[in-house]
Amino acid sequence: MYDTGKVITGLVIFVGIFTFAFWYTTGTAAPRPEPKLDTPEIQKMAKKQCIEDTQFMITTHMQLLNKLRDQALRDGNRWYVNSKGEKVWISLQNTCLKCHSNKKDFCDKCHNYAGVDPYCWDCHIDPNRSEL
Amino acid sequence: MSMDRREFLKAAGLSAVAGLGAKGAFDLFMPGDVDASEHEGHSEHGEGHGGVAEAGPKVRLAMAIDVLQLKDHSKVDKIRAACDNAHNIPHWDSKDDEIKWIWEDEYEHVFPDTHNEYLADEVRELPFLLMCNHCDDPPCARVCPVEATFKRPDGIVAQDYHRCIGCRFCMAACPYGSRSFNWFDPRIPLKAEGRKLNPRFPTRMRGVVEKCNFCVERLAEGKKPACVEACPDVMIFGNLADPNSNIRKVLRERVSLRRKLELGTKPSVFYLV
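From first to last, the protein sequence lines stand for chains A and B. With the numbering used here as the guide, the letters of the first sequence map in order to residues 1 to 132. With the numbering used here as the guide, the letters of the second sequence map in order to residues 133 to 405.
Rather than coming from a laboratory, the hints here were simulated on the basis of the structure. These numbers come from a predicted model, not from an experiment. By construction, the Cβ of each residue, glycine as well, lies at the ideal position given by its N, Cα and C atoms. A hint or two may mislead.
To be verified - As a list, the in silico DSS-like pairs of lysine-lysine whose alpha-carbon atoms are at most 30 angstroms apart:
hint: 1; chain 1: B; residue 1: K283; chain 2: B; residue 2: K381
hint: 2; chain 1: A; residue 1: K67; chain 2: A; residue 2: K103
hint: 3; chain 1: B; residue 1: K356; chain 2: A; residue 2: K98
hint: 4; chain 1: B; residue 1: K381; chain 2: A; residue 2: K67
hint: 5; chain 1: B; residue 1: K392; chain 2: A; residue 2: K67
hint: 6; chain 1: B; residue 1: K356; chain 2: A; residue 2: K36
hint: 7; chain 1: B; residue 1: K355; chain 2: A; residue 2: K44
hint: 8; chain 1: B; residue 1: K355; chain 2: A; residue 2: K103
hint: 9; chain 1: A; residue 1: K36; chain 2: B; residue 2: K323
hint: 10; chain 1: A; residue 1: K87; chain 2: B; residue 2: K142
hint: 11; chain 1: A; residue 1: K44; chain 2: B; residue 2: K328
Claimed, not checked - Pair by pair, the computed Cβ-Cβ distance ranges are:
hint: 12; chain 1: B; residue 1: S147; chain 2: A; residue 2: D53; range: 36 to 44 angstroms
hint: 13; chain 1: A; residue 1: K48; chain 2: B; residue 2: E238; range: 52 to 60 angstroms
hint: 14; chain 1: A; residue 1: M57; chain 2: B; residue 2: V191; range: 45 to 53 angstroms
hint: 15; chain 1: B; residue 1: D253; chain 2: A; residue 2: D108; range: 41 to 49 angstroms
hint: 16; chain 1: A; residue 1: L64; chain 2: B; residue 2: P331; range: 18 to 26 angstroms
hint: 17; chain 1: B; residue 1: E249; chain 2: A; residue 2: Q71; range: 32 to 40 angstroms
hint: 18; chain 1: B; residue 1: R332; chain 2: A; residue 2: D53; range: 53 to 61 angstroms
hint: 19; chain 1: B; residue 1: W315; chain 2: A; residue 2: N77; range: 49 to 57 angstroms
hint: 20; chain 1: A; residue 1: D108; chain 2: B; residue 2: R332; range: 16 to 24 angstroms
hint: 21; chain 1: B; residue 1: K323; chain 2: A; residue 2: D117; range: 51 to 59 angstroms
hint: 22; chain 1: A; residue 1: D117; chain 2: B; residue 2: V382; range: 45 to 53 angstroms
hint: 23; chain 1: A; residue 1: D105; chain 2: B; residue 2: K210; range: 35 to 43 angstroms
Kindly generate the complete structure, drawing on both the sequences and the hints.
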């Protein structure tokens with residue numbers, strides 16, 4: 001083989017650059033996000049429970065929010081009856097964010113970690129912050 | 133199986149007749165008819181409002197505006213400010229970008245078809261408050277390709293901003309100019325003005341159309357529309373289908389005008405003169 005030294009060196013440099021993203025970030029994985037639940041509204045609650053089970057809310061809140069949005073807006077029915085038969089007023093800004101008044105430490109925590117950018121906040125505002 | 137020509141032609145003729153009678157044939161030859169029967173035809177159920185409202189829906193929300201009282205221009209400003217604050221409506225400097233839910237214009241422009249040059253000075257100079265007419269037969273809802281704009285059973289022409297794709301067909305269809313397009317992020321002027329936002333209502337985003345929604349979010353909470361709350365003597369809001377409602381009473385007592393009736397959209401905003 002001609003130019004063995006140059007070829008091998010070149011290959012080593014190539015593989016090094018190609019896998020840069022992998023070895024450079026090794027050991028620097030972002031810690032698992034811990035959304036905070038210590039808002040005043042939640043502290044006041046006797047039983048700290050969202051409108052559905054916590055596990056259900058973690059995995060399915062996006063589908064639930066979509067469903068409730070359509071129910072409130074298109075069917076004009078603003079009462080959600082949850083699996084326990086309790087009635088909940090459907091409103092992202094006035095119900096969800098009333099308890100979860102810490103959007104930065106709650107919604108954004110996981111969304112940033114998962115790299116998702118839900119368009120809710122293009123229009124909806126965080127009622128707990130006066131500025132946009 | 134054997135079949136002579138005579139038998140074959142008989143069978144073919146019979147199948148053709150059977151085929152023509154099927155619904156599929158109607159779709160093929162008269163597509164409009166099937167579509168039309170799927171729409172809830174208001175013309176079939178009486179005249180909507182103005183005529184036999186009792187035969188129609190139980191609730192038909194409408195607004196009557198006592199324009200004579202708007203001689204006092206401070207009321208116009210009060211009403212417009214109430215709406216702006218309730219819905220976080222931005223103020224743009226350029227008229228091209230402006231977002232209008234409720235705005236003012238003069239008689240000549242509001243009723244161009246009935247304008248006459250010898251009109252009473254009093255009426256000529258009145259500021260007429262304009263808003264979405266929440267038509268009985270809304271052309272904006274008809275043209276919307278994604279059903280973002282739709283008519284609720286109570287007569288409100290509502291818009292679902294989540295669905296709007298910003299095609300602006302509705303703006304072309306609306307004969308009243310009641311719709312505005314967000315050419316830019318509405319939060320830019322809201323921020324620049326340093327406005328205190330209404331935390332109970334969202335803003336909009338760039339690329340959607342918006343318009344007056346008869347304060348559907350306030351009605352849901354049992355409140356009156358923001359403009360009615362600001363000036364209840366000017367803005368009379370109520371149920372047209374109820375003969376004893378405030379609005380029916382005032383419409384019985386006063387002469388009222390509606391805009392561009394000849395277009396057949398059956399607007400629900402009445403001007404008391």
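Going through the hints against the structure:
The hinted pair formed by K283(B) and K381(B) meets the criterion: a straight-line CA distance of about 25 angstroms does not exceed 30 angstroms. With a C-alpha separation of about 21 angstroms, the suggested pair K67(A) and K103(A) falls inside the 30 angstroms cut-off, and the hint holds. Using a Cα cut-off of 30 angstroms, the hinted pair K356(B) and K98(A) holds, with the two alpha carbons roughly 23 angstroms apart. With a C-alpha separation of about 40 angstroms, the suggested pairing of K381(B) with K67(A) is violated against the 30 angstroms cut-off.
This hinted pair does not check out: K392(B) and K67(A) have alpha carbons roughly 38 angstroms apart, beyond 30 angstroms. In summary, the hint linking K356(B) to K36(A) is not supported, as the alpha carbons are separated by about 37 angstroms, beyond the 30 angstroms threshold. Restraint check: the Cα-Cα separation between K355(B) and K44(A) comes to about 28 angstroms, which is no more than 30 angstroms; the hinted pair holds. Taking the CA atoms of K355(B) and K103(A), the gap is near 28 angstroms; set against the 30 angstroms cutoff, the hint holds.
In summary, the hint linking K36(A) to K323(B) is supported, as the alpha carbons are separated by about 29 angstroms, within the 30 angstroms threshold. About 66 angstroms separates the Cα atoms of K87(A) and K142(B), which puts this hinted pair outside 30 angstroms; it is violated. For the hint pairing K44(A) with K328(B), the CA-to-CA distance comes to about 28 angstroms; that is within 30 angstroms, so the pair holds. Checked against the hint of 36 to 44 angstroms, the C-beta distance between S147(B) and D53(A) comes to roughly 59 angstroms, which is inconsistent with it.
As the Cβ distance of K48(A) to E238(B) is approximately 59 angstroms, the hint placing it in 52 to 60 angstroms holds. The given range of 45 to 53 angstroms is broken by M57(A) and V191(B), whose C-beta atoms sit roughly 35 angstroms from each other. Between D253(B) and D108(A) the Cβ separation comes to about 59 angstroms, which falls outside the hinted range of 41 to 49 angstroms. Our hint of 18 to 26 angstroms for L64(A) and P331(B) holds, since their Cβ atoms are close to 23 angstroms apart.
The beta-carbon spacing between E249(B) and Q71(A), approximately 53 angstroms, falls outside the hinted interval of 32 to 40 angstroms. For the hinted restraint 53 to 61 angstroms between R332(B) and D53(A), the CB-CB distance of approximately 28 angstroms leaves it violated. Here the CB-CB span from W315(B) to N77(A) is close to 34 angstroms, at odds with the stated 49 to 57 angstroms. Distance hint check: the CB atoms of D108(A) and R332(B) are about 22 angstroms apart, consistent with the given range 16 to 24 angstroms.
Between K323(B) and D117(A) the Cβ separation comes to about 20 angstroms, which falls outside the hinted range of 51 to 59 angstroms. A hinted range of 45 to 53 angstroms holds for the C-beta pair D117(A) and V382(B), which are about 50 angstroms apart. Look at D105(A) against K210(B): about 40 angstroms separates their beta carbons, and that is inside 35 to 43 angstroms.
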